[in-house]
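Participant: Going down the list, the protein sequences come from chains A and B. Here the first sequence stands for residues 1063 to 1210, where the numbers follow my numbering. Here the second sequence stands for residues 1063 to 1210, where the numbers follow my numbering.
If you're looking for bench data, these hints aren't it; they were derived computationally from the structure. Certain hints may be false.
[Said to hold, decoys possible] Under the rule of at most 30 Å between Cα atoms (straight-line distance), these lysine-lysine pairs were calculated in the DSBU-like manner:
(1) Lys1191(B) x Lys1139(A)
(2) Lys1087(B) x Lys1117(B)
(3) Lys1109(A) x Lys1117(B)
(4) Lys1193(B) x Lys1139(A)
(5) Lys1193(A) x Lys1139(B)
Number of protein chains: 2
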Amino acid sequence: MGSKATSKVCDDRPWQARLRQQSRKLTGPRRAILELLEREDRPLSNKEIFQALPKGQCDLVTVYRSVQMLERLGIVKRFQLGDGAARFALLESGDHHRHHLVCTRCTRIEEIGECIVRELEQRVAARSKFKAVTHRLEFFGICPACQS
Amino acid sequence: MGSKATSKVCDDRPWQARLRQQSRKLTGPRRAILELLEREDRPLSNKEIFQALPKGQCDLVTVYRSVQMLERLGIVKRFQLGDGAARFALLESGDHHRHHLVCTRCTRIEEIGECIVRELEQRVAARSKFKAVTHRLEFFGICPACQS
DNA sequence: CGCTATTTGCAAATGATTTGCAATTAGCAA
DNA sequence: TTGCTAATTGCAAATCATTTGCAAATAGCG
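Let the sequences and hints guide you as you build the complete structure.
Facilitator: Structure below.
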């Protein structure tokens, strides 16, 4: 049977190969989660993923575990918006280091091309049509005292 | 009784006035929390604050509530390092918009003077002696669809 | 087709944070 | 100084997000 482009085309996704490379299985739940994220244009929380999936298709715990593993493989990105729940979005390109503009109301996101911060907020606001743009920036590292 | 500079000098802190302005009471627990944060050079989690306080001095729930209120008044800053717990540090100056360099091991922090991000990590690393410096940057705002 | 490491579901544990409510108290007013 | 009242506290219990243990199910290789 030849694969038809009109029905489920499930064998040409970039994540398929990436999963196999790590000897990870492409199971029903995982495929469902990935296809859902593929379809969404905003990061979803575990619960949102769970609820969006056809009832009984996948356990909440499995969502947590899948998403965690996908993050480890660099297939999805975790967003900590600051409200209690983590959100996840597909990382289309293997392109790490991208910043995002998140709507504080609907959590929809847009990718930011550049990576400057100075006059940024205004510039970002102007280009994106978002309003009341703010940003959160933190640096992380190992301090001198801890480098021992 | 005249106030002695050698013992508890508790009436000249910048936060005292700020609390009163908002018709907030300067209670024992609050003073204890503020003086603790004043003394620490790193953001503390609610639990850490609770444990650092003289036993029985203040309930854990009160720490949560106090710290939340102090954040609302702009007296402390909340840090979401990404591990489950929020941390709080005194905001010495009313100076909002400051970025911080956080040690991922001990959570000690340093203020970052500038606010550029480009070649930043390297520069920040070099100046601070921190290693393995990374950063997290997100923008927030109201997207066009939500501005109605 | 069979085997085995990987996954899943379910129940229950954890941990952080919040909420309800009655008792307590800071700070203003008389 | 003494009262009064709104703000605050403590304690118990509720929520919520996330994790863990374990036996049953299964993807994918040989």
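Participant: Between the alpha carbons of Lys1193(B) and Lys1139(A), is the straight-line distance 30 Å or under?
Facilitator: holds, 23 Å
Participant: Keeping to a limit of 30 Å between CA atoms, is the pair of Lys1193(A) and Lys1139(B) held or broken?
Facilitator: holds, 23 Å
Participant: Are Lys1109(A) and Lys1117(B) close enough, with their CA atoms no more than 30 Å apart?
Facilitator: Answer violated: Lys1109(A) to Lys1117(B) is near 38 Å, above 30 Å.
Participant: Between the alpha carbons of Lys1087(B) and Lys1117(B), is the straight-line distance 30 Å or under?
Facilitator: Holds. Lys1087(B) to Lys1117(B) sits at ~22 Å (cutoff 30 Å).
Participant: Between Lys1191(B) and Lys1139(A), does the CA-CA distance stay at or below 30 Å?
Facilitator: Given that 30 Å is the threshold and the Cα spacing comes to 29 Å, the pair holds.
Hint compliance for this structure: hint 3 is the single one not met.
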